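Chemist: Next come the chains, spelled out residue by residue.
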Amino acid sequence: MQSAVQVWRKQQIDKTRLSQEGVILSWTEIAVAPPRFESQLPYTIILVELATGNRMYGQLVDFVEKDREIGAHVISVFRRMGDVGATDVIEYGIKFKPYKSSKSSR
Amino acid sequence: MVGIVDYGFYIPKYRIKIAEIANQWEKCADKIERSLRMEEKAVAGRDEDMMTMAYEASVMALKSQSKIRKEIGAVFIGSETFPYAVKPISTSVAEWLDLGHDYLAYDTQFACKAGTGALISASALVASGDVSHALVCASDKANAKPKDTLEYSAGSGANAWLLGTDNVILELLGWHSYSSDTPDFWRRSKAEYPSHAGRFTGSPAYFKHIMEAATALMKKQQITALDVQHAVFHMPNGTFPLKVAHKLGFTREQVGHSYVVPQLGNSYSASALMGLVATLEYAKKDELIFFASYGSGAGSDAMLFRVTDKLEERRKSFEKVIADKVYITYGEYMKYMNII
Amino acid sequence: MNNTHSIIGYYSTPFGELWNKSLDDLILEAFEGVLKVTALEKEDIDAVFLGNMLGGVVDDLLLLSAHVAELTGLHIPIYRIEAACASGGLAFQSADEYLASHPESTVLVLGAEKMTDVGAREITQALAAAASADEQSVGLTFPGVYGLLAQIYLHKYGYTEEHLASISVKNHAHGVLNEKAHFRRYVTIDNVLESPYVAYPLKVLDSSPISDGAAALILTNKNTLVKTHASAMILASEIATDTISIAKRKNLNSLEATRIAAEKAFDTAHVERKDVQLMEVHDCFSIAEILALEDLGFWKKGQGGARAREMSTSRDSGSSLIVNTSGGLKAAGHPVGGTGIKQIGELYLQLTGQAGERQVKTASVGLAHNVGGSGGVAVVSILGV
Chain R
1 MQSAVQVWRK
11 QQIDKTRLSQ
21 EGVILSWTEI
31 AVAPPRFESQ
41 LPYTIILVEL
51 ATGNRMYGQL
61 VDFVEKDREI
71 GAHVISVFRR
81 MGDVGATDVI
91 EYGIKFKPYK
101 SSKSSR
Chain H
1 MVGIVDYGFY
11 IPKYRIKIAE
21 IANQWEKCAD
31 KIERSLRMEE
41 KAVAGRDEDM
51 MTMAYEASVM
61 ALKSQSKIRK
71 EIGAVFIGSE
81 TFPYAVKPIS
91 TSVAEWLDLG
101 HDYLAYDTQF
111 ACKAGTGALI
121 SASALVASGD
131 VSHALVCASD
141 KANAKPKDTL
151 EYSAGSGANA
161 WLLGTDNVIL
171 ELLGWHSYSS
181 DTPDFWRRSK
191 AEYPSHAGRF
201 TGSPAYFKHI
211 MEAATALMKK
221 QQITALDVQH
231 AVFHMPNGTF
241 PLKVAHKLGF
251 TREQVGHSYV
261 VPQLGNSYSA
271 SALMGLVATL
281 EYAKKDELIF
291 FASYGSGAGS
301 DAMLFRVTDK
311 LEERRKSFEK
321 VIADKVYITY
331 GEYMKYMNII
Chain D
1 MNNTHSIIGY
11 YSTPFGELWN
21 KSLDDLILEA
31 FEGVLKVTAL
41 EKEDIDAVFL
51 GNMLGGVVDD
61 LLLLSAHVAE
71 LTGLHIPIYR
81 IEAACASGGL
91 AFQSADEYLA
101 SHPESTVLVL
111 GAEKMTDVGA
121 REITQALAAA
131 ASADEQSVGL
141 TFPGVYGLLA
151 QIYLHKYGYT
161 EEHLASISVK
171 NHAHGVLNEK
181 AHFRRYVTID
191 NVLESPYVAY
201 PLKVLDSSPI
211 SDGAAALILT
221 NKNTLVKTHA
231 SAMILASEIA
241 TDTISIAKRK
251 NLNSLEATRI
261 AAEKAFDTAH
271 VERKDVQLME
281 VHDCFSIAEI
291 LALEDLGFWK
301 KGQGGARARE
311 MSTSRDSGSS
321 LIVNTSGGLK
331 AAGHPVGGTG
341 IKQIGELYLQ
351 LTGQAGERQV
361 KTASVGLAHN
371 VGGSGGVAVV
381 SILGV
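Order-wise, the sequence lines are chains R, H and D.
With the numbering used here applied, the first sequence closes on residue 106, and no number is skipped along the way.
With the numbering used here applied, the second sequence closes on residue 340, and no number is skipped along the way.
With the numbering used here applied, the third sequence closes on residue 385, and no number is skipped along the way.
FYI, nobody ran anything at the bench for these hints, they're computed from the structure.
A couple of the hints might just be wrong.
Said to hold, decoys possible - 30 angstroms max Cα-Cα, derived DSSO-like pairs, lysine-lysine:
#1 D:K300 x R:K10
#2 R:K66 x D:K248
#3 R:K97 x H:K335
#4 R:K100 x D:K250
#5 D:K222 x D:K300
#6 H:K70 x H:K310
#7 H:K67 x R:K10
#8 H:K320 x R:K66
#9 H:K310 x R:K100
#10 D:K264 x D:K250
#11 H:K208 x H:K147
#12 D:K301 x R:K100
#13 D:K248 x R:K10
#14 H:K320 x R:K97
#15 D:K250 x D:K301
#16 R:K66 x D:K361
#17 R:K100 x H:K87
#18 R:K66 x D:K301
#19 H:K70 x R:K97
#20 H:K145 x H:K335
#21 R:K15 x H:K208
#22 R:K97 x H:K208
#23 D:K248 x R:K15
#24 H:K147 x R:K15
#25 H:K335 x R:K15
#26 H:K316 x R:K100
#27 R:K100 x H:K325
#28 H:K67 x R:K97
#29 R:K15 x D:K250
#30 R:K97 x D:K227
#31 H:K316 x R:K15
#32 R:K100 x H:K208
#33 H:K17 x R:K97
#34 R:K66 x H:K335
#35 H:K145 x R:K15
#36 R:K100 x H:K63
To be verified - Going by beta-carbon spacing under 8 angstroms, a handful of chain R positions derived as facing chain H:
#37 R79
#38 Y92
#39 K95
Model, not experiment: these values are computed from the prediction.
C-beta: ideal position from N, C-alpha, C; glycine also.
Isolated chain R (complex conformation) (with noise of 0.2 angstroms):
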């Protein structure tokens, strides 16, 4: 769990990684997971290769199953983390949706 300490840190990170563009290097669909992300299950998470070169984790969202393989496209979007109990600070991060560039109609 994530301290109010932490979620602010985090955070700082997080802001400079928001509306950009990546390629998919891997998935994989959690079916087992720990207490604060058991109310999304299943859920996605992708290993994403930035345009910048960096690499990140995220929660691929707002996605159907084609949209999920090695090589696809996505864009980092803003949105709740896992769940925190009804006192604590909510933690905002980022995860991942489908994304093709410019010649889409999307």
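Using the hints, position chains H and D against chain R.
Modeler: Chains H and D only, in chain R's frame:
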């Protein structure tokens, strides 16, 4: 000249049909669709809330504004579904947007007119020269008690408005706000869902306040309904906005593209402004837009805008974007709304 | 490493769901067990190395050195070593280093883990501590990390889940013969394919289980003890490290730490791969054994899937290289800290002709491969007789 310099919106991908909800409660779907004049509404996903949507709308609004980001001197957010009772979302959104730290921020609630009230205040700060630019967001992941009539219309959406004096695309010519203490719809601080007073939400509430604000504004601006090309009203369902438009002398053509509620539902504080977003996709230079929001409790903000030649460069595609949708079941709706 | 470091005894508790044993109980049983089989007294021990991952994560117990001291009544140096799933292997490697700087010494190495006191959600949370902060913060579980690696491997080399399943089938068959194994039943390819997913494409039957257990070894450089006990020489024990996050690695289809540790071990041991007849490798998930055989240098990169499907390292294959006679992590069980010790112990039993029903003929060189997390630490040890 003070007005809107840029704007953005966010509608989540998911839709639930009115019929899906009606069938869940064994009601006649046809009758409900006809009485509300609605087909479906937009629903934010489980990991989305008013903040994530306000953020995404702001990203669109600021996409072409990299030079003025750090010049934004005020950040206001209006909503009735803030995830915190105490902790500003306006500063969170500003932080994620990387707007620096030299700005005035506050969160505001006034049912469905939280955003427009903030828009008026922001325009005054800009007009006085106190700030050069202001960012105002309206965002809601509106919820309703299961089985209540509000369940059919409470939807999700957000929009963001950048105000300034340079490169104005939509000039604010004037405004009038009419307020009273009228308990038509409310939510107590520890309550999960809003409550409402049934038919009392009609003529003494929605209609009274919009009529008063609109009439006062038209008098101030010395215009009649015939003088404007577009009319945008708050949309709690599909019947009220058409009725109030008619009462004020506007035609269905004038309401035009703003009438998004049958497809998107009522995104509460973002609702009337979403009608404005839809209108801006088509509005032409020098056209006048008459606008009136309504917030329960109660009040109405009426505004008159004039489209400038700069809208062309900043116009956002709306219809095509909202056509990209996925239907969900009632069970998924319950999950996405964090009810189960 | 000095050729005169030898293993002179081994004891293991059963591995499985040991409801009435606490971590302390398991540690004590392994400690007393190994002293008994070697006919030594606790006063003969000069130092203890304890490999354990979850002490302090699942329960609120740290300072395990003092736990061991309390259980044994000793005041000698006791070191708790943590390297996630390589805790046991690293404890062994550390003990071997200790002997290099302490002549005429005898060291007891113990690996122990208590995992079944909490439910699946909690243990998933606890095991995720072997993954990086970035991996954990997005909800990537430990099986999820290996799931990502498996996807890359299957995609790059054109294999399917069936290829992975072959590893589980082989190891289960081996485990039937191990009286201490968590699972002593056969599974078929279909059983594996039909088991529920844990993290796609890895299923329950691709994954090592949650087990309790402890195992202990006695190491010595005292010639007198080596002569009077069944012994196996430690020819090498090397450790290499890599990033905690797989995202930060250059290569996503191999574990670099395994490769480097193996090179160092073969170099130190003056042994060649063709000399190795027996291996205990780290099959925390089926994909891990395939990667291990490639990264240790026995199979060419990319051939693993096909070789696994051939069952070419099964005891029934008649091949000259047999892998995981203990049943691997998959069938023998994976009480995290205990595994690295069990691996060495299995080789010791085989090399000294004490492996009973599991005995493989003519094995004189064995290799143990123990990995921490997704490859952040790898320990490769080579034993010989």
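Chemist: None of the hints should be skipped; say for each whether it holds.
Modeler: Results for each hint:
This hinted pair does not check out: K300 (chain D) and K10 (chain R) have alpha carbons roughly 41 angstroms apart, beyond 30 angstroms. Note on K66 (chain R) and K248 (chain D): the hinted pairing holds, with a Cα-Cα distance of about 27 angstroms set against a maximum of 30 angstroms. This hinted pair checks out: K97 (chain R) and K335 (chain H) have alpha carbons roughly 19 angstroms apart, not beyond 30 angstroms. Distance hint between K100 (chain R) and K250 (chain D) is fulfilled; the C-alpha atoms sit about 27 angstroms from each other, no more than 30 angstroms.
The suggested pairing of K222 (chain D) with K300 (chain D) is violated, with an alpha-carbon distance near 40 angstroms, which exceeds 30 angstroms. Only pairs whose Cα atoms come within 30 angstroms are accepted, and K70 (chain H) paired with K310 (chain H) is accepted, the gap being roughly 22 angstroms. At roughly 26 angstroms between alpha-carbon atoms, K67 (chain H) and K10 (chain R) fall within 30 angstroms of each other, so this suggested pair holds. Distance check on the hinted pair: K320 (chain H) and K66 (chain R) sit about 22 angstroms apart at the alpha-carbon level, within 30 angstroms; holds.
About 29 angstroms separates the Cα atoms of K310 (chain H) and K100 (chain R), which keeps this hinted pair within 30 angstroms; it holds. With a C-alpha separation of about 20 angstroms, the suggested pair K264 (chain D) and K250 (chain D) falls inside the 30 angstroms cut-off, and the hint holds. Annotation: proposed proximity of K208 (chain H) to K147 (chain H) holds, straight-line Cα distance about 28 angstroms (limit 30 angstroms). The straight-line distance between the Cα atoms of K301 (chain D) and K100 (chain R) is roughly 34 angstroms, outside the 30 angstroms bound, and the hint therefore fails.
Between K248 (chain D) and K10 (chain R) the alpha-carbon distance is near 18 angstroms, which keeps this suggested pair within the 30 angstroms criterion. Distance check on the hinted pair: K320 (chain H) and K97 (chain R) sit about 18 angstroms apart at the alpha-carbon level, within 30 angstroms; holds. Distance hint between K250 (chain D) and K301 (chain D) is fulfilled; the C-alpha atoms sit about 15 angstroms from each other, no more than 30 angstroms. A distance of roughly 51 angstroms separates the Cα atoms of K66 (chain R) and K361 (chain D); the hinted pair therefore is violated under the 30 angstroms criterion.
A C-alpha spacing of about 36 angstroms is found between K100 (chain R) and K87 (chain H), which places the hinted pair above 30 angstroms, so the restraint is violated. The suggested pairing of K66 (chain R) with K301 (chain D) holds, with an alpha-carbon distance near 29 angstroms, which does not exceed 30 angstroms. Distance hint between K70 (chain H) and K97 (chain R) is fulfilled; the C-alpha atoms sit about 28 angstroms from each other, no more than 30 angstroms. A distance of roughly 14 angstroms separates the Cα atoms of K145 (chain H) and K335 (chain H); the hinted pair therefore holds under the 30 angstroms criterion.
With a C-alpha separation of about 45 angstroms, the suggested pairing of K15 (chain R) with K208 (chain H) is violated against the 30 angstroms cut-off. Straight-line distance between C-alpha atoms of K97 (chain R) and K208 (chain H) comes to about 44 angstroms, which puts the hinted pair past the 30 angstroms bound. With a CA separation close to 20 angstroms, the supplied pair K248 (chain D) and K15 (chain R) stays within the 30 angstroms bound. A distance of roughly 40 angstroms separates the Cα atoms of K147 (chain H) and K15 (chain R); the hinted pair therefore is violated under the 30 angstroms criterion.
Only pairs whose Cα atoms come within 30 angstroms are accepted, and K335 (chain H) paired with K15 (chain R) is accepted, the gap being roughly 28 angstroms. Taken as a hint, the K316 (chain H) and K100 (chain R) pair is honoured in the structure, with Cα atoms around 18 angstroms apart against an allowance of 30 angstroms. Between K100 (chain R) and K325 (chain H) the CA atoms are separated by roughly 16 angstroms; this keeps the pair inside 30 angstroms, and the hint holds. Restraint check for K67 (chain H) and K97 (chain R): satisfied, since their Cα atoms lie roughly 28 angstroms apart, inside the 30 angstroms limit.
Taking the CA atoms of K15 (chain R) and K250 (chain D), the gap is near 26 angstroms; set against the 30 angstroms cutoff, the hint holds. Simply put, K97 (chain R) and K227 (chain D) have alpha-carbon atoms about 66 angstroms apart, too far for the 30 angstroms limit, and the pair is violated. This hinted pair checks out: K316 (chain H) and K15 (chain R) have alpha carbons roughly 25 angstroms apart, not beyond 30 angstroms. Among the hinted pairs, K100 (chain R) with K208 (chain H) is inconsistent with the structure: their alpha-carbon atoms are about 47 angstroms apart, more than 30 angstroms.
Taking the CA atoms of K17 (chain H) and K97 (chain R), the gap is near 24 angstroms; set against the 30 angstroms cutoff, the hint holds. With a C-alpha separation of about 24 angstroms, the suggested pairing of K66 (chain R) with K335 (chain H) holds against the 30 angstroms cut-off. Under the criterion of a C-alpha separation no larger than 30 angstroms, the hint pairing K145 (chain H) with K15 (chain R) is inconsistent with the structure, at around 35 angstroms. In summary, the hint linking K100 (chain R) to K63 (chain H) is supported, as the alpha carbons are separated by about 18 angstroms, within the 30 angstroms threshold.
With a cut of 8 angstroms, the hint placing R79 (chain R) at the interface with chain H holds, because the nearest CB-to-CB distance is about 4 angstroms. The beta carbon of Y92 (chain R) comes within 7 angstroms of a beta carbon in chain H, closer than 8 angstroms, and the hint placing it at the interface holds. At its closest, the beta carbon of K95 (chain R) sits 7 angstroms from a beta carbon of chain H; the interface hint therefore holds under the 8 angstroms criterion.
Violation of the numbered hints given earlier is confined to hints 1, 5, 12, 16, 17, 21, 22, 24, 30, 32, 35; the remaining hints are satisfied by the structure.
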